[in-house]
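**Q** Next come the chains, spelled out residue by residue.
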Amino acid sequence: MVRKTTKARQSEKRIDERLLVTYLLTLEVGLVAVYSTSSMIAESRFGSHLFFLRQQIIWAVLSLLMVWVITRINLVRFAVYSVPAYVIMLGALAAVFLAEPVNGSQRWLFIGPLTVQPSEFFKLVMIYSLAFSLSNRELNIANWQGLLLKYGPPIGVALLLIVLEPDLGTTIVIFSTVVGVFFLAGARMKHLLVAATPLAGIAAFLVFVIGYKKVRILDYIASLADPLQGSYQSMQAALTLGAGGLFGAGLGDGSQKLFFLPYPHTDFIFAAIGEEIGLLRLLILLLLFMYILFRGFKIAMAQPDKFGYLLAGGLTLSLFVNMAVNIGVVTCLLPVTGLPLPFISYGGSSLLISSIAVGVLLNLSRRVKA
Amino acid sequence: MKRTRMERVRLSVILAAVCLFFGIVVLRLVHLQVLLQPRYSQIVQRQSSGTVSIPAPRGIIYDRHGKVVANNVTRSSIYSYPMNDRELIRAGRYLDSLFNLQRGTSQSKYGLKTRKFRWIKRRISDELANHIDTTAPKGLYLRTETQREYPQGLIGKQILGFTDIDNRGQSGFELAYDSLLAGRDGKADIRRDGERNLYRVKESALIKPELGKSLVLTIDWRLQEILEDELRSGVDKYNAKSGQGAFVDCHTGEILAMAHYDPNEKKPEHPVKLRTISDQFEPGSIFKAITAAAVLDADLVNFSDTVYCEMGKWKIGRRTLHDDKEHGWLTFREIMELSSNIGIAKYALKLGGDLLYQKALDFGFGQRLNTRLGGETRGRVHSPDRWSDYIVAALAMGHSIAVNSLQMAMAFAAIANGGELLQPSLLMCSVTEKGRLDNQCDLTVIRRVMKESSADSLRAFLRGVVERGTATKVNSSAVTIAGKTGTAEIVRPDGRGYFKNKFMASFAGFFPYEEPKIAGIVVLCEPKPVHYGGYTAGPIFRRIAENYMVINPDLFAAGCQTIITNTVKNGQTVEVPDLIGRSLESACSIAEHCGIRLRQTTDKGIIIWQYPTADRLVFPSDEVGQGIEENTH
Chain S
5 MVRKTTKARQ SEKRIDERLL VTYLLTLEVG LVAVYSTSSM IAESRFGSHL
55 FFLRQQIIWA VLSLLMVWVI TRINLVRFAV YSVPAYVIML GALAAVFLAE
105 PVNGSQRWLF IGPLTVQPSE FFKLVMIYSL AFSLSNRELN IANWQGLLLK
155 YGPPIGVALL LIVLEPDLGT TIVIFSTVVG VFFLAGARMK HLLVAATPLA
205 GIAAFLVFVI GYKKVRILDY IASLADPLQG SYQSMQAALT LGAGGLFGAG
255 LGDGSQKLFF LPYPHTDFIF AAIGEEIGLL RLLILLLLFM YILFRGFKIA
305 MAQPDKFGYL LAGGLTLSLF VNMAVNIGVV TCLLPVTGLP LPFISYGGSS
355 LLISSIAVGV LLNLSRRVKA
Chain A
1360 MKRTRMERVR LSVILAAVCL FFGIVVLRLV HLQVLLQPRY SQIVQRQSSG
1410 TVSIPAPRGI IYDRHGKVVA NNVTRSSIYS YPMNDRELIR AGRYLDSLFN
1460 LQRGTSQSKY GLKTRKFRWI KRRISDELAN HIDTTAPKGL YLRTETQREY
1510 PQGLIGKQIL GFTDIDNRGQ SGFELAYDSL LAGRDGKADI RRDGERNLYR
1560 VKESALIKPE LGKSLVLTID WRLQEILEDE LRSGVDKYNA KSGQGAFVDC
1610 HTGEILAMAH YDPNEKKPEH PVKLRTISDQ FEPGSIFKAI TAAAVLDADL
1660 VNFSDTVYCE MGKWKIGRRT LHDDKEHGWL TFREIMELSS NIGIAKYALK
1710 LGGDLLYQKA LDFGFGQRLN TRLGGETRGR VHSPDRWSDY IVAALAMGHS
1760 IAVNSLQMAM AFAAIANGGE LLQPSLLMCS VTEKGRLDNQ CDLTVIRRVM
1810 KESSADSLRA FLRGVVERGT ATKVNSSAVT IAGKTGTAEI VRPDGRGYFK
1860 NKFMASFAGF FPYEEPKIAG IVVLCEPKPV HYGGYTAGPI FRRIAENYMV
1910 INPDLFAAGC QTIITNTVKN GQTVEVPDLI GRSLESACSI AEHCGIRLRQ
1960 TTDKGIIIWQ YPTADRLVFP SDEVGQGIEE NTH
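Order-wise, the sequence lines are chains S and A. Start counting the first sequence at 5; every next residue gets the next number (my numbering). Start counting the second sequence at 1360; every next residue gets the next number (my numbering).
No lab work stands behind these hints, which were simulated from the structure alone. Don't take every hint at face value.
As the list claims (entries may be wrong) - List of simulated lysine-lysine pairs, DSBU-like, C-alpha gap at most 30 Å:
hint	chain 1	residue 1	chain 2	residue 2
1	A	Lys1626	A	Lys1596
2	A	Lys1684	A	Lys1859
3	A	Lys1626	S	Lys218
4	A	Lys1596	A	Lys1859
5	A	Lys1861	A	Lys1832
6	A	Lys1672	A	Lys1709
7	S	Lys217	A	Lys1475
8	A	Lys1596	A	Lys1861
9	A	Lys1887	S	Lys218
10	A	Lys1567	A	Lys1480
11	S	Lys217	A	Lys1567
12	A	Lys1859	A	Lys1625
All figures in this text were calculated on a predicted structure; none of them were measured in a lab.
The following block holds chain S by itself, in its conformation from the complex:
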């Protein structure tokens, strides 16, 4: 369907069907995973084992619609709106502090029946804006003082707002993505290191001198060697994966999702399905992920201009960072922070954002040399 309708107007190239098929497959895996890991909780909390699945299906349909829409628009045309869009997003990031805190943090805006996490959407807008801005031919990327003055304040404010929510995980993801985009844009390695060093210093100071999240970091260090020595969450995640073994307990038969493993259908879904499907089939999921990323980078490489290159590269990078942080946490390679796994975890915002990223990649895949 998508193929037919996208054939004509603005391009001569066909859409990247491999990416589309991989994306659809991953989406299906996600729905099965959500049902399998959420049915018990849905039953006990909401009285219906289908509660979460139903929600997720609605979001999946919305996401597909979104993908379809995005593949049909001219992305470059919206570039002029990137600065106002960025300012609006900063406003939204500030607005969360007016909302009611949930579990002690203010990350969400409640608009009618919808719960929106502005930081997720900010990520998209930021990558889009950066791609547009950095592709400016007059920009001298080697002039790093100029770059710092131009990009430092707007990005710094956004990161500050997000870190104050507090949402350290998203902050790190966005920061890593920003660094990655600059790296792709051709920033000097020396500059990147100089920019990153004081931040690392501040982080180390915060953790080890002030003691902010010190326990979590110490837990993490302990869990690297023996996952059972880590925090309760990472211990349960490791146990859950371990119990799966090579072949898994069978779909739906995991025992850890019964309130042992926290957030089995969102942040720790990778572990929960790891117990049920086992290592071998988990590797297939990893291959799907890798293939999506690979297609993303391939599209970036094939872009006719720097804007497309940075946009495709940045979005793919952002998907990767999300996957890496989530899987890293679940496999006890990274300290615990709550981030959803793209395409798989239950949650509308995450699915929609990841799908939009895929939609943009599909859109870009049709562009040819100008």
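Starting from the known structure of chain S, fit chain A onto it as the hints suggest.
**A** Then chain A, alone, in the frame of chain S:
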């Protein structure tokens, strides 16, 4: 070439980083899911599965006629298991208002803690449980537990004993047979989730609880009730400090009733000892029956011979024996009937201390009866090595020896049954899960303690005591009682002789005289002002015997029209229907319907009484008796 070299290199670097990361993830997954898998899956198994114990219901206790005297009722108990602080605080507040406590006190009072199990109150009433069930917040839960219930109230409680909150026997029969009654708890595999909800998974992995054995006591609860009633009114009437009594079947040794009554006893619902086996006392004149047995066995008695009783005062060595009355020449029979100390002492001296001592041992004194009940004493019989004549005389009249009531009842049972000392038993049989009876306990003869001919003579003497002697108050027109009275001074606890004004009044005997069925003893401690056994303990004994006869006419009224039948229906217990007032014909068909066959000796009439009464269980060996009035129409 679409992109610059720099861009391609940088993209490749990122792609390499991606590949490197996924490589590390795969290695980590292999580490977790392959290398650590055996250990981890074991831990997961352990934290998500477990076993719950399925408590075995405690065995039911029946009396000898199948009346339920101890059974189980389920009660709810409330416990707390708050998952988090909010549940903890709510539970605390709820309990404050539930038990009208000051705000905030119940949290510390009950030691509430998150993720910790605490009993709040066990065995609460049904109404409270219902209330809690509908109103309690999360964190407070109910669990049903079984509790021991004694449908007969305090009757026989001293024998039954009691159980603690965990259903373990703490005294009496409940303690003595705890291992049989308790059964063994079963186990079931369960799956547990992180919030402590439990799921039963596999029925196959279930170890069934071994039910506690239901046991049938030899006690006849009707006699027990009579005994306790009479002891209570007797202690009251004769102004005694306390009283006790024991009755046994003199042919089987089965204990039919045992009780003590002390108005000052604390916590009668939690009896810790049974004085009929734990208290020892100097029996006094009732022991003369044993002396008489020894004398008769030694052929020292010529029934027409008389002995001079010294007109009530006889010096032995430096001490003097007294009689209550100034008796002159008495035959042996008269010595027994009038309970002459001097007369029996003279025979005892003729017999010699060794033989008397031996007889006392033969009759079971100085040894435990092995009823398995706790606190049983053996009594005391001194060995005759350095006995003076006075001590022999004292023993002959029941002093310088200590016994307990049950020992004395067994001794009189031996006299009543023709001379065989029987092992007293409390457990008649056990009931299997399907209602069958097994392990029927056989009677055990410990030994022959006297010649049958001696026993015959002694029984006649003892009957004479009631008819003509010291126990004429015991003589009943309804049932023929035989026995011996006793009035003993109480030994001072400091060991310096006896109280001059404190007495132990007793009567030991058996009935009916012609064909003895039941032997027993009644003892009153310090009755005032009348302290003679024949006037205090004796009448109590008589009333017990009479009452027992009223409820057991089939045992006594030989000539009555009765039909008696064995009831066997696959060897199982059967509930008895109410047949009173029915015609014989319909009674027969009803009974047959229940699996009871009535053997008829007459073919017409109305049932006027029945035994066992309705709603009792009938055991295969038991008999159902019916009294039939000839239909005059």
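**Q** Of the numbered hints stated earlier in the document, which are not met by this structure?
**A** Of the numbered hints, 3, 9 and 11 do not hold.
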